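Going down the list, the sequences are from chains A and B.
If you number the first sequence the way the numbering used here does, the last residue is 375 and the count never jumps.
If you number the second sequence the way the numbering used here does, the last residue is 359 and the count never jumps.
Read the hints as simulated data drawn from the structure, not as lab findings.
Fair warning: there could be bad hints in the mix.
As the list claims (entries may be wrong) - Below are the SDA-like pairs computed for lysine to any residue, each with C-alpha atoms no more than 25 Å apart in a straight line:
hint, chain 1, residue 1, chain 2, residue 2
1, B, K164, B, T97
2, A, K141, B, I182
3, A, K80, A, M68
4, A, K192, B, Q165
5, A, K192, B, Q179
6, A, K141, A, K80
7, A, K137, B, Q179
8, B, K219, B, S329
9, A, K137, B, M92
10, A, K124, B, L170
11, A, K297, A, Q338
12, A, K137, B, K219
13, A, K192, B, K219
14, A, K80, B, E348
15, B, K243, B, I84
16, A, K134, B, L170
17, A, K134, A, D154
Owing to the predicted nature of the structure, the values given are computational and were not obtained by experimental measurement.
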Amino acid sequence: MIQIDNLTKMYGKFTALKNLSFEVPRGTVFGFVGPNGAGKSTTMTILSTLLAPTSGKAYVGGLDVLKYPKQVKKLIGYMPDFFGVYDNLKTDEYLNFYGSAYGLTADERSHIIPQLLELVNLSHKANENVDSLSRGMKQRLGLARCLVHDPEVLILDEPASGLDPRARIELREILKELRNMGKTIIISSHILPELAELSDSIGVIEDGQMVAIGSMGEISQRMRGHKLIKVRLLDQWEEVMQTLSENPYITAVEREGQYLVAGFNGSEHEQANLLNQLIRANYPLVAFSETEGNLEDIFLEITKGVGS
Amino acid sequence: MRSFQDVLNPVISKEFRVRMRSGKTPWVISLYLAALGTIIFTFIYLQTGNGTYFNPNRSRELFIILSYVQFALISFVTPGLTAGVISGEREKQTLNILLTTNLSPAQIIIGKLFSSISFMILLVIASMPVYSIVFLYGGISPIQLLKVFSFYLIGMLAIGSVGIMYSSLVKRTGIATVTTYATILGYTILTGLIPQIFRSFYYLRSTSRSAGSVPPEWIDWFYSINPASAMLTIFEGDSFIKGLPIDTFYAFIIFFSFVTAISLLLAIRFVKPIREPLLAKFFKKEI
């Protein structure tokens with residue numbers, strides 16, 4: 068649905084994007100991670116038809132954003148990292164204005180706006196002035212504004228920045244619902260655990276270049292060269308550590324609270340054998356799972372902090 | 073079926089709503105009328121202060137003063153209404169969002185201009201009762217009145233377009249507003265001075281020429297694009313502008329319409345997030 072080919076953007080002598088390439092399949096959520104100034108917002112602004120790249124191509128729904136901006140605008144809902152609202156305009160009027168700006172008829176607007184307000188949990192604020200809403204509510208309203216013309220693609224630049232925990236959780240739940248509705252979402256955030264939970268794939272960008280891309284599991288495995296197996300026990304930590312260490316596919320084992328975390332480079336068949344071995348040994352096993360690791364750790368390992 | 077709301081430019085309908093809800097709006101209208109009313113009543117008072125009756129022959133004089141004052145107020149208020157419309161959107165970080173909608177840059181610019189001008193027209197219409205005081209005494213023809221109001225409209229459009237052009241070009245509202253005021257003031261002074269300067273140069277160089285030689289007529293044509301002298305021709309005729317192929321009033325209308333069109337085209341170009349080189353369209357096929 069989104070395709071970026073060798074995208075380069077220069078501001079004078081400064082190169083913000085260096086031959087960036089990636090794809091986001093239809094109906095998936097792509098988490099965009101990177102330090103400040105890495106090029107996330109620049110990429111999103113280009114995709115939103117607001118900025119021309121110096122070279123390279125960006126496509127949304129197969130359409131070149133530079134050649135067909137009008138058609139691309141109909142496909143996308145863009146939420147910038149910072150956006151203002153109009154004074155003296157009520158919440159439903161705000162959405163009504165953008166609905167008409169997207170060419171919806173009055174009938175269509177009167178049908179969709181109450182639904183959107185309900186989706187973002189702002190129905191009770193429909194008659195209140197937009198500038199009186201809290202930051203979290205404004206972010207949710209911004210999301211509703213992105214959805215007013217029912218776009219296939221959502222481009223969300225730091226939608227959770229500056230939100231309190233409750234507002235973040237509420238926003239995350241809405242985004243999950245949008246994912247379930249089949250929207251293609253490209254989202255950047257500094258709140259990495261939430262991004263990891265929400266995204267089907269992650270792209271880590273630094274200094275204008277994509278340094279890692281794939282699902283959390285893929286990135287984690289590519290980085291470490293192995294999977295991570297998490298085992299939760301009631302007791303007998305030392306014995307299980309010993310058993311795991313003796314397995315030829317285990318690279319390392321360490322204890323993290325109630326868990327043993329082990330690096331594993333075997334196949335799924337060998338993973339099943341390991342689980343079978345632990346069960347047969349009658350260890351007090353509570354859980355055995357494959358973990359994708361922690362996006363924060365991956366991020367710190369991959370990026371060098373060049374841009375920050 | 074599409075309703076009137078669907079056909080109306082969304083920017084205009086939103087701006088109307090927002091502007092008329094603002095607490096500043098009734099104050100602006102009140103102050104505007106107070107300023108005009110003060111001038112009229114001061115003039116009438118000065119004429120009748122010593123116990124005499126108001127001489128209806130002075131009504132024409134009052135109408136001319138009022139027309140100039142009203143145009144000065146329009147020139148003063150219009151940049152304030154228009155020079156912040158695009159830069160204000162930029163400052164509030166709403167312009168980028170607006171530019172990702174189906175609205176074209178032209179629709180945004182035209183919507184902003186007409187909503188601002190509409191408010192100015194509202195001010196002028198609100199001043200009609202004040203005008204009627206003058207009209208009561210006669211001395212002014214309906215054609216002159218129509219010409220004066222057409223003059224206002226064309227003036228508003230041109231000044232408003234220049235304001236919007238600077239608003240699109242300059243990021244800060246303050247700078248855009250000051251630049252617009254400076255341009256309007258500079259234009260008015262320069263177009264008034266240029267004929268004088270040319271005439272002085274002519275006489276300096278013509279000392280050796282035969283006595284009684286007169287400067288070429290085209291020098292005076294500059295007066296037709298100067299708002300002050302162009303407005304004077306509505307009341308006094310254009311006998312002091314010689315050789316102009318068309319009526320001064322129409323020359324002013326044509327020139328200011330041209331200024332409006334150029335300013336709007338530039339504003340539309342400046343507001344576009346991605347601008348093609350000016351001549352790209354013509355060379356595209358060959359590239």
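### Task
Go through the numbered hints given earlier and state which of them the structure violates, listing their numbers in rising order.
3, 5, 6, 9, 12, 13 and 17
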